[in-house]
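Given chain A, work out where chain B should sit, using these hints.
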Amino acid sequence: MRKIWDIHGGIHPPENKAQSLDHSIEFAGIPAQLILPVSQHIGAAASPIVQIGDTVLKGQCIAEAVGPVSVPIHAPSSGTITAIEDRPIAHPSGLDDLCIVIDTDGRDTWHQPPSSRDFTQLDKATLVELIHNHGIAGMGGAGFPTSIKLNVGEPNNIKTLILNGTECEPYITSDHVLMREYSRKLAQGIAILAKLVQPEEILLGVEDNKIDVVAGLQNALKQHDFSALTGKATSAEVITFPTKYPSGGEKQLIEILTGKQVPTGSLPASLGIVCQNLGTAVAISDAVIDDRPLISRITTVTGQAVTKPRNFEVLLGTPVEYLLARSGYNASINNRLVMGGPMMGFTLLDITMPVVKTTNCILAPTEAELPTPPPAQACIRCGLCAEACPASLLPQQLFWFAQGKELEKLEQHNIADCIECGACSYVCPSNIPLVQYYRASKAEIRQRDADMQQAEHAKLRFDARQERLDRLEAEKIAARQARQAKAAANKAAQAGQDPKAATVAAALARVGAKKSALEPTHKAPASDPAPDATLATDVDDPVQRAIARRATQQQADTANPAAALQRAVESAEARLKKARLRLTNAEAEQDNNVDAFKLAVDKCQSKLNQARAALDAHHAAKNL
Amino acid sequence: MPLVQITSPHAHTSQSTSSVMLLVALATLPGVAALTIGFGWGTITNIVLSIIFALALEAGAVSLRKQPIGFYLRDNSALVTAILLGIALPPYASWWIILTGMFFAIIIAKHLYGGLGYNPFNPAMVGYVVLLISFPIEMTRWAAPLELVSELDTSGVSKPTLIESFGIALRLIELPAIDGFTMATPLDLLRQNDALMISDLKQTYPQFGAQGGLVWEWANLGFLIGGLFLLYRKIYTWHGPVSMLVTLSLLAAIFYDGGSSNSGGSPMLHLFSGATMLGAWFILTDPVSSAVSNKGRIIFGAGIGALIFIIRQWGNYPDSVAFAVLLMNFAAPLIDHYTQPKTYGHS
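Top line first, the protein sequences correspond to chains A and B. If you want my numbering, it's the 1-based position in the first sequence plus 13. If you want my numbering, it's the 1-based position in the second sequence plus 59.
A hint or two may mislead.
To be verified - Think about it this way: if two alpha-carbon atoms lie no more than 25 Å apart in a straight line, the pair counts; the simulated BS3-like pairs of lysine-lysine are:
hint	chain 1	residue 1	chain 2	residue 2
1	A	472	A	504
2	A	591	A	635
3	A	489	A	591
4	A	590	A	620
5	A	504	A	489
6	B	354	A	273
7	B	293	A	16
8	B	218	B	293
9	A	172	A	321
10	B	293	A	418
11	A	455	B	293
12	B	401	B	354
13	A	499	A	528
14	B	354	A	422
15	A	273	B	401
16	A	472	A	590
17	A	611	A	472
18	A	422	A	16
19	A	245	A	198
20	A	162	A	245
21	A	422	B	293
As the list claims (entries may be wrong) - One side of the interface only, derived from the structure: several residues of chain B facing chain A at Cβ under 7 Å:
hint	residue
22	64
23	69
24	72
25	76
26	111
27	114
28	171
29	402
30	405
Quick caveat, the hints were computed from the structure, so don't treat them as lab data. Values in this document were obtained by computation on a predicted structure and should not be read as measured data. Every residue, glycine too, gets a C-beta built ideally from N, C-alpha and C.
Bound-form chain A, shown alone (with noise of 0.2 Å):
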C-alpha cells in the first residue's frame, strides 16, 4: 500500500452526490441555439473565422488561437452563424463577452467525420499540436491551455503524472460518472498523456467516497503498457484517500499523493509533476484518437430545485435554461443557480447563459438547502477558520487585515497563497464573507502594483522626454548662433570686403552660439538678439514657412469651410491629446501645477467641443 499523506485543514461538507448517481450518462441533446464565448479559457480570446450568415458543420473550427496561450473554437453542432456579438457569459463577474451564436439545424452534420488514429505512431509534437488544435483547455476549473502544460520540453524532468479525480466538491458528481462510465477513454487519455510527459509513475487520486470505481479504472489502465510508451519503468496506480474538502486542490492532491509542497509562485513542474483533469484526458483521448474536438463535456444538473438530478452529457454552448428544463426545473423553489459546486462555484443571474469548457456542474438549490447567509456577526477570533485552512493562513487576521485595507500586511501574511476555497468562511460562526474580503484584498493589491508600475513608466517616460527636448533646444539654439555669425560675416565680406572684419566676427558668432548651447535651455530663445532683416530674408525660417502656410490655408478655407471646420476640430483633438499627456506627466511626477495642467485639458476639451460644435451645425446647414 502506497503511503499517502494529509493536509492541514479542511472541512467535512454534507456531500449531497448521491442524488445525481443514480442515472448513467444521458445526453442532453442539441438545443435550438448554441452560444459560444469565444474566451473559455485563460489567454487570450479565441479570434472568430465566421460571418454571421454562414454555414458551420459540426466540429468545424469556428475561432482560432490568438497568439501563445489560447485555443481555438469548434462548432458543436451543425447550423448557421445568426450573430456574433456580446452576450452574457459564465463568469463571476457577470459581465457580457464577445459570442458566437449558432442556430443548429438539427442534421448534426460532422464537418469531418471522427477517425481512428494509432497515437503510438504520432511523435510528441503531433501530439501537442492536436492537442491544441482540438482545442482543449483545462476542464477542472480554470481552463488553462493544456498544450501549453504538456509541452514539457525534451529531456524533461517530469517524474510523476497525477490524475485529479478527487472531486471534492459537493454535489459534483462529473468526474465520477466519467471514472464509472469512460474509464476506457480515460486509460486512453491518460496513455497520451504518458507518451507525451513520460513520467516514472502515473497517480490516479481518487477520494473514497467513489470507492465503487477503482475496479474498473485498474482495469482500464491494465490495458496499456505505458512502460513501452514512456521508455522507463512507469508503474500506473489508482491511489484512494480519505475524503475531505478540499482535497482536491492541485496543491494539495500533490501532497497528499506526493508529501510536498509546491513552493510558493512556483509551478508542479518545478517538483517535476504534471497534474490533469479527468475530462481532460478524455478531451485528449477524443482530440487525437478519435479526431474530435472539444465540443462537449459532462456537466452534472444537481439540487433540490429539480426534479431529476442527472449528469448529461452536454453540447458546449448550450444554454443553462435547456439543461434545467430536460431536468424538472422548479424556478418558484430556487433562490440561486450556482455553476459549479456549493464551494467555489458563482451565482448565475440569467439562465440562458451557456454550458463552457469549464463547467463540471448546475446546482439549483432550494432556500433551505442553501440558505440566504444572515448577516455577519463580529469575529470572535474563535480561530475556526485557521483550523480549515488548507494553506495554513490565519484568516481572521487576514480579515482583520483586509477590513483596515492594511495590504503590506495583507502580504506579509501570504494572503497571495490563499486559494479562495471557501473553507474558512464555510466554519465561520459569525457568518463573516471572509473569501469575499481575500478577493477584493487581492483585487487591491494588483491594482496597487499596476499603479505603481505605470507610474514608474510614466516617470520614465517623462525623464526622457525632458532630456530629448533640452537637447532638440540646444541643437536649435546652436543652429541659430551659428547662422547669425554667418549672416553677419556675409554682410561684412559685402559690406566693406575686409577679410579680418569678417574672421573676427565669425569667431565671436562661433563664441556665442557655444556660450547659448552651454546655457540652461529654456532662457536662451527670449534673450535672442534676432534681426528682423535676417530673418525675413532666410527662406529656411520656420516661421516664414508657417506665415506662408497659413496663408494658403485662409485661401483654401474660404474655398471649402467644412475641411476647415474638421481641421479645426483635429488641431483641438491633438492639443487635447497632448494636454492630457502633460497632465498625465505632471501627475507622475507629482508637479505642484497640476491643477493647471488640469485647467488646460479642460479648456482643451471645450474648445474640441465648440469645434465639434461648429463642424455638426456646418454640416447641419448643409443638408437643410
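This is chain B only, laid out in the frame that chain A set:
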C-alpha cells in the same frame, strides 16, 4: 424565486456564534449545580442578577452606539460573561457588587474597546479583578459549605431558600451571622497558615475535603465535565486548557514536598480547588482575548498555569486565575506574532 448573486462559498455550517455561546452557557451547568448543592442558592442569585444587569447594560451600550439591539443581544456573549462572573463571585454577593462588576465587564472592558471581538481582555475577569481590588472584604467572604453550616447549628436563616436568597442578594434581608455562614476557603487557609502541615490543616478545618476542598472538588469536577463536553463538540481545541492544567500540575508537583509549612499543596489540590477548572475550560478558552494559533494557545495556557501557581504560592492572593488570565491577555498579541503557522509552499 428571484435569483440572487452571492459569492462562494454557498454552503455553510449550521454552527453560529449565538449557538456556540449558548452551548458554553449550558456547559457551565454541572459546575453550577455542584456549587449550588454545596453552597446554597447564592450562586444562582449571583448568576440571575448578573444576567439581568448584563443584558440591560449591553442593550444600553448597543443603543448608545446606534446598533440594532436585538441582533447584538442574540449573540449571547453578554449572557456568557454574566454567567462566568456570577460563578466567580462569592455566593450571595450584594446587587451593587454585581452591578459594578458587570458595568466594568460589559461597558469598560468590552464596549469601550469596540464591542464583541475587539476586547483585548476577558470581560468577566476584568469585572472580577476590579471588584477584588476595590471591595476585598465583600469579595473574600465566601459562603460555607452547607453541610458544615448544619453542623454549626446557627440560628436564623442559615440555609436560605431561593426566595430568601434573593432577599439577601438585594440586601432586603441581612446576611446571617458572619461566623457560621461564611468560611475561609481551602486556598485561603493555605495562604494564611504557613506554619502548619497540610495534614494538620485538614484535621483542623473540615472544609478541606478529600482533594480540593468540600464542594470545591465537586464544582471543579463539574466544570471539567462541562469543558470536556465543549471539547467534544469542537467548540475549542484542547491546546489551551490542557497546557494550563499540565503546567500547573507540573509546577505543583515540583514544589510539593509532602505537605510542610512551605509547601503549596499537592497537584490534586491545585487542580481541584479554587477556580482552576473554571479558568481552564471557560475563561482562558475565550477566543477573543486568547492567542490564535494552536501553538500560540499552548504557550498562552502554559503562561496562565505558571502564573496561577506563582501567585497562589508566593503572591498575596489565595487564588489567581483572573490575574493570570489578564496578564496573559496582555501577552496574546506578542504570542500571535511569534507563532504564525508556516503557510503552504513556504519553507
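Right, here's what the structure says about each hint:
no.	hint	verdict
1	A:472 - A:504	48 Å, violated
2	A:591 - A:635	32 Å, violated
3	A:489 - A:591	22 Å, holds
4	A:590 - A:620	12 Å, holds
5	A:504 - A:489	22 Å, holds
6	B:354 - A:273	23 Å, holds
7	B:293 - A:16	29 Å, violated
8	B:218 - B:293	39 Å, violated
9	A:172 - A:321	43 Å, violated
10	B:293 - A:418	32 Å, violated
11	A:455 - B:293	31 Å, violated
12	B:401 - B:354	12 Å, holds
13	A:499 - A:528	17 Å, holds
14	B:354 - A:422	21 Å, holds
15	A:273 - B:401	14 Å, holds
16	A:472 - A:590	18 Å, holds
17	A:611 - A:472	18 Å, holds
18	A:422 - A:16	38 Å, violated
19	A:245 - A:198	23 Å, holds
20	A:162 - A:245	21 Å, holds
21	A:422 - B:293	30 Å, violated
22	64	5 Å, holds
23	69	4 Å, holds
24	72	6 Å, holds
25	76	4 Å, holds
26	111	23 Å, violated
27	114	17 Å, violated
28	171	15 Å, violated
29	402	4 Å, holds
30	405	6 Å, holds
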